[in-house]
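We have chain A; now place chain B onto it with these hints.
Going down the list, the sequences are from chains A and B. Note that numbering that gives the first Met the number 0 has the first sequence beginning at 0, numbered continuously upward. Note that numbering that gives the first Met the number 0 has the second sequence beginning at 0, numbered continuously upward.
Derived by calculation from the structure, the hints in this document are not laboratory data. Treat the hints with care, since some could be wrong.
As the list claims (entries may be wrong) - Straight-line distance between alpha carbons at most 30 Å, and here's what the computed DSS-like set of lysine-lysine pairs gives: (1) B:165 to A:332; (2) B:399 to A:172; (3) A:304 to B:94; (4) B:210 to A:172; (5) A:172 to B:155; (6) B:214 to A:172; (7) A:304 to B:210; (8) B:94 to A:198; (9) B:230 to B:399; (10) A:191 to B:217; (11) A:198 to B:214; (12) B:345 to A:172; (13) B:217 to A:198; (14) A:172 to B:230; (15) A:198 to B:316; (16) A:198 to B:210; (17) A:304 to B:165; (18) B:54 to A:340; (19) B:155 to A:198; (20) A:304 to B:54; (21) B:214 to A:191; (22) A:229 to B:155; (23) A:332 to B:210; (24) A:340 to B:165.
As the list claims (entries may be wrong) - Here chain B is said to cover these stretches of chain A; the calculated rule only asks that three of the stretch's residues, wherever they fall, bring their Cβ under 8 Å from a Cβ of chain B: (25) 91 to 100; (26) 213 to 222.
No residue lacks a Cβ here, since even glycine has one placed at the ideal position from N, Cα and C.
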Amino acid sequence: MQTTIDQYQAVIRAAAESKTPLRIRGGGTKDFYGNPAAEQNSTLLDMTDYNGIVDYEPTELVITARAGTRLADLEVELDRHGQMLAFEPPHFGSAATLGGCVAAGLSGPRRAAAGSVRDFVLGVRLLDGKGEDLHFGGQVMKNVAGYDVSRLMAGSMGTLGVLLEVSLKVLPKPAIETTLCMAMDEAAAIEKMNQWAGKPLPVSATCFADGQLFVRLSGAEPAVRAAQVKLGGETLVDDMVFWRSVREHTHGFFQPDKPLWRLSIKSTTPSLLLAGRQLLEWNGGLRWLSTDDGEDAEAIRAAAKEAGGHATLFRHNKSGISVFHPLPSGMMKIHRALKEKFDPSGILNPGRLYSEI
Amino acid sequence: MSAQQLVNQLRSFLPPDAVLHETEDLKPYECDGLSAYRQLPMIVVLPQTEEQIVKILQLCYATQTPVVARGAGTGLSGGALPHAQGVLLSLAKLKQIIAIDPLARTARVQPGVRNLAISEAAAPYGLYYAPDPSSQIACSIGGNVAENSGGVHCLKYGLTVHNILKLRVLTIDGECLEIGGDSLDSAGYDLLALMTGSEGMLGIVTEITVKLIPKPEKAQLVMAAFDDVQKAGSAVASVIGAGIIPAGMEMMDKITIHAVEEFLHAGYDLNAEAILLCESDGSTEEVADEIRRIHAIMQQSGATNISTSNNEAERLKFWAGRKAAFPVAGRVSPDYYCMDGTIPRKRLADVLRGIEELSQEYGLRCMNVFHAGDGNLHPLILYDANKPGELERTEEFGGKILEMCIHAGGTITGEHGVGMEKINQMCSQFGAGELAMFHAVKAAFDPAGLLNPGKAVPELHRCAEMGAMHVHRGEQKFAELPRF
Chain A
0 MQTTIDQYQA VIRAAAESKT PLRIRGGGTK DFYGNPAAEQ NSTLLDMTDY
50 NGIVDYEPTE LVITARAGTR LADLEVELDR HGQMLAFEPP HFGSAATLGG
100 CVAAGLSGPR RAAAGSVRDF VLGVRLLDGK GEDLHFGGQV MKNVAGYDVS
150 RLMAGSMGTL GVLLEVSLKV LPKPAIETTL CMAMDEAAAI EKMNQWAGKP
200 LPVSATCFAD GQLFVRLSGA EPAVRAAQVK LGGETLVDDM VFWRSVREHT
250 HGFFQPDKPL WRLSIKSTTP SLLLAGRQLL EWNGGLRWLS TDDGEDAEAI
300 RAAAKEAGGH ATLFRHNKSG ISVFHPLPSG MMKIHRALKE KFDPSGILNP
350 GRLYSEI
Chain B
0 MSAQQLVNQL RSFLPPDAVL HETEDLKPYE CDGLSAYRQL PMIVVLPQTE
50 EQIVKILQLC YATQTPVVAR GAGTGLSGGA LPHAQGVLLS LAKLKQIIAI
100 DPLARTARVQ PGVRNLAISE AAAPYGLYYA PDPSSQIACS IGGNVAENSG
150 GVHCLKYGLT VHNILKLRVL TIDGECLEIG GDSLDSAGYD LLALMTGSEG
200 MLGIVTEITV KLIPKPEKAQ LVMAAFDDVQ KAGSAVASVI GAGIIPAGME
250 MMDKITIHAV EEFLHAGYDL NAEAILLCES DGSTEEVADE IRRIHAIMQQ
300 SGATNISTSN NEAERLKFWA GRKAAFPVAG RVSPDYYCMD GTIPRKRLAD
350 VLRGIEELSQ EYGLRCMNVF HAGDGNLHPL ILYDANKPGE LERTEEFGGK
400 ILEMCIHAGG TITGEHGVGM EKINQMCSQF GAGELAMFHA VKAAFDPAGL
450 LNPGKAVPEL HRCAEMGAMH VHRGEQKFAE LPRF
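Chain A extracted, bound-state conformation (with noise of 0.2 Å):
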């Protein structure tokens, strides 16, 4: 039998009233990312059985359901209905929940040319630390009435409220898509991905690796037939396969236990002059760098800071560092203010984030 909002609240009631510090946790695919959570002590808060679809209206792009519903049901579902998740979300494991996907606030390669988790979220219910049940946003593409908490969630880990349900616009899929590939050196295919950015070019992901730049065209025949031809190179086989190792970091390029860092910067950022290796994605605004042991966190962030951007250390933290790049202070007193108001007692996921909330 499901778990009620009841019984959920019941959990949370108890916490606040005991401080004991609850880890929320959907299909634990991305247990790993984050700041680790304390286990000693804390209570696991599991939502998997929270799940299903609430209501799926294809016509009307959106898509409702309960936080625990698996990320590859919901996907399933959209495409029997030529729909998809334009964000094109990393599940890192078939466990993966809507929850989880929303909470972590993680993208895939279509994101630069489609939007973010956050673009997409609509509306939410969720329990704040309190137990309370809140509902923001909706089920409509356009809506100001009041705050936007909703997209808020995105990528709060947890620490401001237990989601429960998530309204997300949908769209459809491409009529085809295909990857061109071909071979250039790092400056050039950063040169390359934002002049072809700022063209009107079905481009809706890009990715270099070891020398080569893979652009993927998505859309109506005519149209990515005409573009690639424009824009040359080989076409590559089996490319579905290729974004999907991408995606969920099963390319070679992701090394088990060497510590990865994701740097999320301005796009025409020239090469970074950094020690290990490196995988671009999103036209040269995400950089992923696979470094030895050891390397050095502040030079990383500092070339982040100093590139727009920020870095995370997205796997494999063997130093113990903060995982999110450290806000400045004024920044941290507005985080600190919002978690005491959605979370009085701390008890959500208190540190995944930052230590202070």
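Quick look at chain B alone, frame taken from chain A:
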């Protein structure tokens, strides 16, 4: 501190003409685009630099003086209505386009820059700023951020929140925050989303980095007439169901068609119960393919009359009627009352039928224009405020439409904001828990409640009252501006 003391302090760091306090000087600031609500501010300040704004805020914070930010003053929900004991902070003089980076496809601009000016400045690079509220020749980008403005192209290209990267924000105590980044995401909570649409309640935006996107090679429009609203609604669903996201998809009902055709001669079919305008944009090949498919869907959906624009002049002519719907409403009726609900599209026929029934019940005509792609409905109730009791009936009618939007699973405002106008309807849309959380969010940024007090989120004790937007002929500012 007295008004005069505050004026003196402000003048210690602002030029004399940047501090207004004589009634005749304050008068132009007494309302925004919603002229039914008027209030003279205590003082108006017109700073030119961020440094000056910091000092203004520090002074207001120290003296606990309310601050209301204002851009171009074209807003329609009274969000920039002044506070009687407050300072009205005009950002109109900060109108510099600081930099355009064509390769990175971004523009750094000050808040007073007009929406359209950004696209004009980006045009030489083949780029533009996508959100296009119909008032874009006048409205400012800072105001767009405050309201999360949309436009007729937002189903495909998104709202303001989807098209900005970074904000410089001053909190009420004068501290500067950089929210967002030159990157596509940033560390920590998504405060960029929270700031967008926050109606000047959380901070003062002093600089915005917007995304620019490539100008489509081509745009083409299909205009289809229907003898039944339901059929037009089904045609919209069929277009989406066929996997097409049109650049724009607009619907007008019969009374609107007649009203605009009389004034503009856009070539609309006067026998139609509804007209759909469906635009495709992109590469030449893409548009040709999409237009062919849209045409076929309109035919299958039972359109009685279908035209496709053959050139740019014809496309703009088809659009002209739709864009002029609001100015025209002001000509056919002494007054009109505008609503801004959003509904799930599948409920359109029900809601329009409900509005028609209410229209008969109240004996008041109502024009309906509809951003059909995203479900944003703009019913315009036509009335005459000089007829006793008509205004009150209009208010009641409008309130019932908003209730209907909420019941249909929608929202009371899709793009105009809550401001002063819809503050009472917030009580219908949200429960006490959500409203309390909104107040808490505000307190996280502005604990003393000095920024735009009394707007957007009602105090719980207020929740029984009603409010509405009324546009008097000749009283609405920018009455001839295309709207929505």
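Exercise for review: Take the stretch 213 to 222 of chain A, compare each residue's beta carbon with every beta carbon of chain B, and decide whether three or more fall closer than 8 Å.
Suggested key: holds (count 5)
Straight-line alpha-carbon gap residue 340 (chain A) to residue 165 (chain B), limit 30 Å: 25 Å, holds
Restraint status (C-alpha distance of residue 165 (chain B) to residue 332 (chain A) at most 30 Å): 19 Å, holds
- prompt: Is residue 198 (chain A) within 30 Å of residue 214 (chain B), Cα to Cα?
  reply: 8 Å, holds
* **residue 198 (chain A) paired with residue 316 (chain B) [C-alpha distance capped at 30 Å]** => 27 Å, holds
Quick one: see if chain B covers the stretch 91 to 100 of chain A, three-plus residues with Cβ-Cβ under 8 Å.
violated (count 0)
Practice problem: Sort out whether residue 172 (chain A) lies within 30 Å of residue 214 (chain B), counting only the CA atoms. | Solution: Given pair residue 214 (chain B), residue 172 (chain A) holds - Cα atoms ~23 Å apart, limit 30 Å.
Does residue 155 (chain B) sit within 30 Å of residue 229 (chain A), going by the straight-line distance between their CA atoms? 24 Å, holds
Review point. Holds or violated: residue 210 (chain B) with residue 172 (chain A), Cα cutoff 30 Å?
Key: Roughly 24 Å separates the two Cα atoms, so the pair holds.
(Q) Checking one constraint from the list: CA of residue 94 (chain B) to CA of residue 198 (chain A), max 30 Å. Satisfied? (A) Given pair residue 94 (chain B), residue 198 (chain A) holds - Cα atoms ~28 Å apart, limit 30 Å.
Next item on the list: Sort out whether residue 340 (chain A) lies within 30 Å of residue 54 (chain B), counting only the CA atoms.
Entry: 29 Å, holds
Pair hint residue 399 (chain B) and residue 172 (chain A), alpha-carbon separation not exceeding 30 Å: With Cα atoms ~38 Å apart, residue 399 (chain B) and residue 172 (chain A) exceed 30 Å; violated.
In this structure, the hints that do not hold are numbers 2, 25, in rising order.
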